[in-house]
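2 protein chains.
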Amino acid sequence: MMSDISKSPLYQIARPESIAIFGASNNFSSMGTSVLNAILTDGYEGRIFPVHPKEKRVLNIGAYSRAGDLPEVPDLAIIVLPTKIVAETLRACGEKGIRRAIIVTAGFSEVGGEGPARQEEIKAIARKYNIRFTGPNCIGVVNSQMKFNATFLSSTCRPGFIGMASQSGSFITQMFDYLEARFGQGFSTGFSLGNEADIDMADCIRYLGACPDTRAIALYIESIRRGREFIEAAREVSLTKPIVAFYVGGSETGKRACLSHTGALAGPDRLYDGVFKQSGIIRARSVEEMFDFCYALGSCPLPKGKRALIQTHSGGPGAAADACGRSGIELPALSSATLEKLRAYVPHTASVKNPVDLTFTKNPLDYFKAIPEILLEDEGADSLLVYFLATEAMVNRALESLGVPEAEIDAQVKTIIEDQCTSVAALMASHGKPMLGFSFLNRQNPFIAGLQDNGVPVLASPERAARALGALVECSRLREKLARSKRPASV
Amino acid sequence: MMSDISKSPLYQIARPESIAIFGASNNFSSMGTSVLNAILTDGYEGRIFPVHPKEKRVLNIGAYSRAGDLPEVPDLAIIVLPTKIVAETLRACGEKGIRRAIIVTAGFSEVGGEGPARQEEIKAIARKYNIRFTGPNCIGVVNSQMKFNATFLSSTCRPGFIGMASQSGSFITQMFDYLEARFGQGFSTGFSLGNEADIDMADCIRYLGACPDTRAIALYIESIRRGREFIEAAREVSLTKPIVAFYVGGSETGKRACLSHTGALAGPDRLYDGVFKQSGIIRARSVEEMFDFCYALGSCPLPKGKRALIQTHSGGPGAAADACGRSGIELPALSSATLEKLRAYVPHTASVKNPVDLTFTKNPLDYFKAIPEILLEDEGADSLLVYFLATEAMVNRALESLGVPEAEIDAQVKTIIEDQCTSVAALMASHGKPMLGFSFLNRQNPFIAGLQDNGVPVLASPERAARALGALVECSRLREKLARSKRPASV
Chain G
0 MMSDISKSPL YQIARPESIA IFGASNNFSS MGTSVLNAIL TDGYEGRIFP VHPKEKRVLN
60 IGAYSRAGDL PEVPDLAIIV LPTKIVAETL RACGEKGIRR AIIVTAGFSE VGGEGPARQE
120 EIKAIARKYN IRFTGPNCIG VVNSQMKFNA TFLSSTCRPG FIGMASQSGS FITQMFDYLE
180 ARFGQGFSTG FSLGNEADID MADCIRYLGA CPDTRAIALY IESIRRGREF IEAAREVSLT
240 KPIVAFYVGG SETGKRACLS HTGALAGPDR LYDGVFKQSG IIRARSVEEM FDFCYALGSC
300 PLPKGKRALI QTHSGGPGAA ADACGRSGIE LPALSSATLE KLRAYVPHTA SVKNPVDLTF
360 TKNPLDYFKA IPEILLEDEG ADSLLVYFLA TEAMVNRALE SLGVPEAEID AQVKTIIEDQ
420 CTSVAALMAS HGKPMLGFSF LNRQNPFIAG LQDNGVPVLA SPERAARALG ALVECSRLRE
480 KLARSKRPAS V
Chain C
0 MMSDISKSPL YQIARPESIA IFGASNNFSS MGTSVLNAIL TDGYEGRIFP VHPKEKRVLN
60 IGAYSRAGDL PEVPDLAIIV LPTKIVAETL RACGEKGIRR AIIVTAGFSE VGGEGPARQE
120 EIKAIARKYN IRFTGPNCIG VVNSQMKFNA TFLSSTCRPG FIGMASQSGS FITQMFDYLE
180 ARFGQGFSTG FSLGNEADID MADCIRYLGA CPDTRAIALY IESIRRGREF IEAAREVSLT
240 KPIVAFYVGG SETGKRACLS HTGALAGPDR LYDGVFKQSG IIRARSVEEM FDFCYALGSC
300 PLPKGKRALI QTHSGGPGAA ADACGRSGIE LPALSSATLE KLRAYVPHTA SVKNPVDLTF
360 TKNPLDYFKA IPEILLEDEG ADSLLVYFLA TEAMVNRALE SLGVPEAEID AQVKTIIEDQ
420 CTSVAALMAS HGKPMLGFSF LNRQNPFIAG LQDNGVPVLA SPERAARALG ALVECSRLRE
480 KLARSKRPAS V
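In the order they appear, the protein sequences are chains G and C. Under numbering that gives the first Met the number 0, think of the first position of the first sequence as 0, with each following residue one higher. Under numbering that gives the first Met the number 0, think of the first position of the second sequence as 0, with each following residue one higher.
Since the hints were derived computationally from the structure, they do not count as laboratory data.
Identical chains blur together in the list; that is why a pair holds if it fits in one copy or across any two.
Below, a list of computed lysine-lysine pairs in the DSSO-like style, where the Cα atoms sit at most 30 Å apart: (1) Lys352 with Lys122; (2) Lys340 with Lys83; (3) Lys303 with Lys480; (4) Lys352 with Lys83; (5) Lys368 with Lys413; (6) Lys146 with Lys95.
Note that the structure is predicted; figures quoted are calculated from it, not measured.
Can you build the whole structure from these sequences, using the hints too?
Structure representation (structure tokens):
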């Protein structure tokens with residue numbers, strides 16, 4: 000494990016104190032301008048030096064006509080220039096003493112003709128000046144914790160705990176709205192790798208493994224270039240931090256698409272399956288699954304085993320149970336102690352099997368505290384899945400029926416929702432068992448947003464929650480297996 | 000095929016001109032009150048007669064003390080009373096001449112003890128008076144086209160085209176927010192069936208098959224009670240209207256959960272697979288898939304074959320291609336005519352293979368019209384998948400860079416978005432090929448809402464779009480097979 004994150008070549012790329020940007024101008028339709036615009040909009044607090052041959056000011060910041068003129072040596076150069084002037088710019092950066100770069104520009108090994116030779120040229124320049132870089136043909140980096148967003152799209156994401164490395168172009172930017180809408184957060188740090196001429200996936204795994212803001216690592220993989228280094232890095236990191244990979248080159252059609260996209264050759268699906276398993280990596284079968292898994296893994300303690308209880312509110316306990324069955328989760332019967340304790344809370348129509356199907360509870364608020372607490376205490380279970388179907392309207396109606404004056408209802412609803420959400424979160428913390436919520440409601444519902452913002456993961460369907468719980472079980476299993484094995488990695 | 004929908008026993012249940020409701024009061028915490036509240040809130044325009052032994056007015060509507068006192072014979076009785084007085088109430092309805100009922104009350108065959116005998120009793124009463132009913136132990140019905148919502152939860156859904164029959168209690172109500180948030184619509188008609196003591200899934204299939212507002216049918220199945228009738232109904236209807244089933248009793252754990260839920264025994268997974276195939280039914284593996292499939296099937300013409308083109312915007316063409324590979328979709332090469340026509344629109348960095356990876360287009364608006372039009376014209380392809388990544392901010396920036404005055408930008412953005420969305424919709428209509436969009440953005444993005452509201456289905460990920468396209472291909476195949484076979488259905 001990397002003991003000191005500042006030793007990573009990615010440190011100044013993800014956390015620069017100052018940056019030079021090449022290619023931003025006052026022309027809003029240029030890509031470089033979009034990058035600088037995102038950096039400014041998202042609130043980066045370091046020093047920014049636009050470099051432009053003609054403009055004196057770029058987006059209202061003083062500009063310099065060439066790297067040699069910069070008043071200091073910035074931590075990082077971001078290069079978004081026409082292909083043919085990238086090499087000379089990188090050389091000028093090297094002369095100035097800059098040691099990190101993000102090369103966004105495309106037109107290298109991913110295209111034919113002179114592309115591969117151009118890529119060799121920039122690699123040679125980087126070696127000469129000891130420059131480490133991501134790209135070319137990439138989209139930069141985003142660090143929501145530092146409000147540093149050097150991609151072309153500004154983001155309104157709140158700080159998050161999922162770290163990401165992606166081989167697919169603008170994938171990380173395309174996930175900004177998705178992650179915020181789904182989980183109320185952005186990437187702790189997200190790297191777009193492009194052609195990986197220098198820094199690659201293995202470097203990202205080590206960096207994110209050491210990054211204190213990152214609790215789970217997502218990898219979007221089209222192909223692995225350095226197999227041995229990848230496996231070694233993943234085996235080390237996955238001992239303490241979960242890694243989830245989405246591999247898109249598996250099918251024949253996917254393979255052909257990747258080949259044309261970043262110029263890397265994808266391997267057979269089964270080979271990658273084996274690589275992931277021996278590296279302690281959990282494999283996701285879709286983008287949604289990758290983030291569901293990371294979100295659950297970053298939110299929950301790992302379960303001791305695969306026995307789960309399910310708490311539902313009528314409607315689809317079968318779906319949840321069936322999904323568990325398909326995800327290798329066992330549903331034990333409730334203990335007699337649990338049955339005894341539940342008696343006080345559930346109506347005669349409720350099924351006190353597993354899933355516990357509550358139909359209507361006597362007091363709807365028991366659903367958020369008394370009942371999950373009893374279920375978490377059941378010694379025969381390792382985890383709890385809870386279906387959340389609560390709306391403001393329900394709480395409103397309950398307060399009305401209690402005779403609460405209309406003028407006070409809104410404020411009371413808010414307080415009640417906040418209380419319920421924090422009490423659910425406290426349960427998970429105090430019992431040390433994973434507790435996964437699921438709901439067809441989204442964050443526009445204040446209960447769902449409240450639960451998530453208090454640290455209770457709520458996923459979008461019973462199937463997705465069951466699969467995420469399967470990933471937690473798998474993570475425990477892989478980690479134990481890795482810990483037992485002392486043999487060195489083999490490719 | 001049922002030629003006249005008014006002959007269905009469900010006609011007056013889904014489209015009553017007048018209703019009597021038993022069990023609503025002025026106590027807001029009672030279930031019956033919630034049902035009446037939903038009926039009123041959603042704007043039902045028929046006549047409503049609450050029946051209550053003591054109250055003179057219920058939720059501000061004049062009430063009657065018993066069925067015999069009603070001033071007319073309503074089309075439908077909704078019964079939400081304690082279990083022990085359901086039978087006598089149903090008898091009183093029969094005496095009055097009421098011929099349709101929804102029995103929401105639980106405590107019948109799904110529980111032990113006297114439950115099964117109570118169910119036999121209400122069946123006998125219904126037979127005597129020629130009453131057809133749904134339930135007991137169900138959640139009623141919703142008809143978004145008529146603003147008739149007799150479930151316990153009010154809905155703000157707009158009229159939709161997905162018809163639904165569910166064996167799982169409150170499932171339909173739990174989908175209101177989901178469908179609205181995901182697709183901007185509610186159920187054309189949704190039935191909750193409960194114990195199916197009288198009307199069952201086969202009746203719903205025939206009703207929804209004949210319902211002019213319904214373009215695709217979703218079934219949430221825990222068990223099929225009348226196998227022959229189910230298959231016959233499905234075989235007839237699926238010749239002209241797609242049916243998608245989600246079966247939750249498949250795994251052992253799912254089976255046990257269903258048994259305790261509505262008292263029906265689920266069968267082995269493979270048996271159901273066979274039943275669905277011979278009935279022309281497309282099987283979904285999750286709730287999300289069921290609605291994705293219905294939404295796509297209700298939006299698109301069926302494809303002639305399984306060859307698709309994919310249009311992407313950088314970022315994950317591999318994921319889309321891979322997902323197609325896994326869903327049995329073929330990705331042919333572009334024709335030379337298509338390549339020739341595309342030349343004018345794409346930058347040199349774009350890959351003009353399939354997926355067509357546009358990275359940046361010269362004019363971003365070509366993405367919505369010129370380019371998909373060229374791809375739809377390709378004679379080697381049967382369908383088109385399009386990745387949508389467009390934001391207001393992008394259009395804003397484009398207008399700024401064209402020098403549009405700031406005061407006019409908002410209005411112009413709105414017009415441009417509307418224009419783009421209608422032009423995409425027009426393409427699908429004029430080419431007669433299915434065109435499925437996908438995006439990680441949701442309806443909070445005005446492009447996604449605009450596309451969907453103009454009839455272009457946009458799904459939540461490349462995998463989900465590819466699987467939905469797979470369902471379209473499967474639907475064509477099953478329909479042809481059914482049409483060829485003239486043999487009668489066999490169980």
